[in-house]
Amino acid sequence: MNVEAVLTALLSAAILTSAPLLLAAVGEAISQRGGLLNLGVEGSMLVSSLGAFWLTLETGSGALGILLGGVIGVLIGVTFGVLATLGRADQVVLGLGVTLAGTGGSAFIFRERYGSDQPLIAQGMGRPFEGLLDWLPVIGPAVADQRWFIYVAWSLVIVAHVMVTRTAFGLRIRAAGEFPLGLEAVGGNVGRVRIAAAAIGGLFSGLGGACLSVVELGFFSPGVTAGVGFLAIAVAILGRWSPLRILALSLLFGLLTGLDTGLQIASVGIRTEFLSMLPYAGIIIALVAFGRGARMPRALGKPWTGISGSR
Amino acid sequence: MLTAANIAKAYGATRANDDVSFEVASGEIVGLVGENGAGKSTLLSILAGFIRPDAGALAVDGRAVAFASPADSLAAGIGLVHQHLSLVPTFTVREQLELAGWSSTALPETLANDFRGNEIIEQLSMGRRQRVEIARALIVEPRVLLLDEPTSILAPSEVGALFGSLRRLRESGIAIVIVTHKLREVMAMADRIVVMANGRTNGAFARADGEWAPDTGGEILRRMFAWDEDGLPPDGAASETTVADQAMGPPVLRVSGLNAPAGDGSRQLQGVEFDLASGCIHAIAGIAGQGQAELAEAIAGYGACDGRISLDGLDLQPLSAVNRAAHGVALLVDDRLGEAAIGSFSLAENLVLKRPRKAGLGRNGFFRRHLVTSHAQSLIDAWDIEPTDPNARLGSLSGGNMQRVLAAREIEREPRVLIALNPVQGLDVQTADLLWRRLRQLCNQGATVLVFTSDLDEAMAHGDRCAAIFDGRVSPFLEPTSADRRAFAAMMVNGW
Amino acid sequence: MKSHLAGRVSEASVGREHPASRLAPPLESLLALGCTFVISGLVLLFTGHDPVDAFGELITRTLFRTSGLQEVVVRAVPLLLAGLAVLVAAEAGLWNIGVDGQVLVGAMAAAVAGSWLDAGGRPLLWSVAIGIGALGGVAWMAVPALLRMRWGINEIVTTIMFNYLAISLTAWLVKGPFRDDSLVTPQTPMILRELRFASLGDTRIHVGIFLALALWLGIAVWLRRSVAGFELRAVGASPRAARHAMIPVAAVVLVALLASGALAGIAGANDVLSTKGTFQAEWNPEYGLSAFALVFLARRNVYALLPAALFLGVLAYGADVMPRAADIPPAFFSLFEGILLMVFAVLHWRPWSRWTGRSE
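Chains as they are written, first to last, in the working numbering: chain X, 131 to 441; chain S, 283 to 778; chain H, 721 to 1080.
Okay, chain X solo, but in the shape it has when bound:
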């Protein structure tokens, strides 16, 4: 009985805490499939997270806050896409700049707005399916008792999966990332498709940031993402750019993190800092084990200079 409660709590927490990572990683995967290596996820998440937190606090509506987070994410994504395609910016430099500016900017604005206060979002979000699956041990309550945005997030991930693998637009994104000439040859516009991929990627990372402050934590503080944005880049690659694989990986990551917290509480005599290395070490080991054969999208990180290039 007690074990069941612990397992339920562990799984429930894993689902909740992995949601920001999941969203950001799926966004990064879409962006990378289109050929854009966006290292600005961390910055984009922080700014969206702050925006969502602010609006939720002002209006009392989590939905509005999350919506603003998504909009901010799209704006940052489009900016990245435009500068990286039309502006021919170096994607790594641009991405690091976005991260630095987003980290600094969100902290700056937070301090300007709230000083040293640490406001909290008062009421939580609804749990629409609470109790619905209680007959199923462990998994039932862990899955059904989540806040509503978690279901939105999972649905979006499935939509993203269908979009990438089943739709004409998904084909265009993949062509832009694999072989831009092939897209131009069928009348497509590599720049436009890449910007669209960056916008969708931005939407997901924005929602991820919003999810962090509004759904998971209920507060914002400078640097609150603590590297989730960078982790998302690794998870996107590790999941081979497939939203469903990324979903599984994020859950696994959430479980590892939860396990680490659980072990700390159980005080098994290992220091917390040592345990907190586990998820990162796990990612590196997984990269070595499975990432070796991974074939990156062939045109990833490479600006498309047009078919005639520069003579």
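No lab work stands behind these hints, which were simulated from the structure alone.
Possibly wrong hints are sitting among the right ones.
Computed, partial: chain S to chain X, Cβ under 8 Å [to be verified]:
no.: 1; residue: P352
no.: 2; residue: L362
no.: 3; residue: S368
no.: 4; residue: T372
no.: 5; residue: G383
Listed next, the stretches of chain S that the computed footprint assigns to chain H, with coverage defined by at least 3 CB atoms under 8 Å from CB atoms of chain H [claimed, not checked]:
no.: 6; region: 628-637
no.: 7; region: 643-649
Note that the Cβ used here is the ideal one computed from N, Cα and C, for glycine as well.
Go by the hints and put chains S and H onto chain X.
Only chains S and H this time, still in chain X's reference frame:
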């Protein structure tokens, strides 16, 4: 159907297209022929919307059109089959077709019999890939189909099938333009032939009652190369007679039983066998992509292969590329800015790029700058390179001057064997001349030279002994005087 | 002519000059700085600050006061070292985004070595601690470097992961095995002030500046004049050409990454041996991204790293004094550096070239 009037396009001082007019009618196959650099690719790029002309007008069905992008050209009903294909390598056939707008669950009928749809593009043979490419181009039901060097990637057995499918397309009323430099193929295929030379159209020929007038081939050849009425090159540059009784020395490089498997995008080598004699230029003629680069790299030590390679009796197989170079193997590749040199580096730096430690220009691991500069200066003088500043960026040089730099780098080391891939392709006449003279000098010092070229005339004019390369195999070397040009041409396209 | 239809995907390589470059690099840097000042000034304006006052205050406090100038130099020293770390990798076409982690491990290694060696005199302690710090940085780069060399696993992802590993690892070590139990805060035993880097006269500037200058000059000469540096730049400019030129590309990649790690480790050791004297848990100077801003501000020119490092020193000290002087939070200076990086990323964009003709 499609008309282009007074098209002009210039790159700096080079007039790639100079007042070119061209048209093609429905249900007609037009061949657009010319040698490398004649301007046919530029014209094709303009028709397909990839580049915008400086002047001139395009019209489809009498309506004036202007293309800002390939999408505009496509929308106007012009389809293009790319020379190296435009298929996404990792897609399946079906995904590729869907990308191009195919929405039916069945495959297009040109593919339906031989494809299932789930084949990965990059695992298909070139011929099958090209069929997908043509089907891809036909999805939008174009009025005009442009094909850029469509046979260059095909095995000879696949060419017939391509021609068959093009004839069927002609029956359906599509206008077809084939851009090529292969005269025989285009004469077998086309209803009309337009010749381009030096950026201008230089004559057009049509069949009368389905037959070409006698000696149309000779006349087209004359116009392609802009030869004079007697069929001689205008400046006599290409007709330099071979020293027929060249003293043939002992073999320097011996290759036997050389095999290498096909790699990712590379051709397999099958039982390559030859001796290269001291004092001779050996020319291997072949159309592009028959294993020339693979063979050259195998000898220079860049790729693994089976078989024996020996230099002056020394077995080269256990040696790395560095050691082979130290023993006198030199390789001059044709991808100048991609592989041979670094555009952002200076001329002097590029001259020491290969084996910088062995160049004797440094001390204790550091370069002695004045020696590097004077070394570069002496080569610049010896090869008459413009600009004369050793610190100029290599990327700012013209193709001819760049090739002089690279050839100087290889020949300066006085190699025992120099392997050159298309050494004069697309270069100005003076550089080509200079290069051939320097290769001859190298031979006269007892070295041996192996030149790969896609130009048979060039091979026969400059090679003391010639061979053909086809599908990873090399024919026996023959003296060009005793061999028929026709026989070589046949070997280049059909094997032996 | 053939290339028209060949389609060109230019490689995004750091070691490559941009073809569209028209202005001289110093002018470009000034232009980018000007843009950054304008954009971040607008941010200040919209948040209710007076940008002219704020930037004026920044310049007065950092450049027109002796104490300010000294602090700027002190802060420029580790930034210069971290910038060298990023540059050495970048010249070989590689991205070392793991500078933060290498700084932490290097600093911790130096702190532990320094605290054990309290006898033997300063030169011995300094050289041993710097050497150990460098080794710490190398060790932290070794796995990403080997993974890159052996299996081609992208160094960007692995070095980022190693940053987080380093934070946890050093925190664990400093709270556990290496903790000085006599102190309340978790930290390594303090290195005595007399054994740390000596100050120059009665200024705050310490001999670490000579370490940084020596390494800067050494790296500059090595990159520009030595055969090995030439090979490294060749690999960065064109791996294919380097392979054709028979340069051992994999070995060069390994050397470049390890050298980069060593320099970052020395940057960490410098902090411990000068201002800090110890390695504390939760201490993380986060030089990594600033180092990228630094390298791009210097237009990847090794000689220009010095003035660029001094400028970033101004920003770093500004982040310390401006909260009190002008009520501007320190995070503003991260924002400033981020905008600077973004401006450099698009420096060669000529949006108007579309209407005036070909851009290159």
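Query raised in the report: Per the CB criterion, is P352 (chain S) less than 8 Å away from chain X?
Result: 5 Å, holds
Query raised in the report: Is the shortest C-beta separation between G383 (chain S) and chain X less than 8 Å?
Result: Status holds, d = 7 Å.
Query raised in the report: With a cut-off of 8 Å between beta carbons, are at least three residues of the region 643-649 of chain S near chain H?
Result: holds (count 4)
Query raised in the report: Can S368 (chain S) be said to touch chain X, with a Cβ gap under 8 Å?
Result: Cβ of S368 (chain S) sits 3 Å from chain X, so the hint holds.
Requested in this report: Have a go at the T372 (chain S) hint: is there a Cβ in chain X nearer than 8 Å to its own Cβ?
Outcome: Holds, about 5 Å.
Query - Verdict on chain H covering the region 628-637 of chain S, where coverage means 3 or more residues with a C-beta closer than 8 Å - result: holds (count 5)
Report task. So, L362 (chain S) near chain X? Judge it on the closest CB pair being under 8 Å. Result -> The hint holds - L362 (chain S) has a Cβ within 8 Å of chain X, the shortest such distance being about 7 Å.
When held up to the earlier numbered hints, the structure conflicts with none and fits them all.
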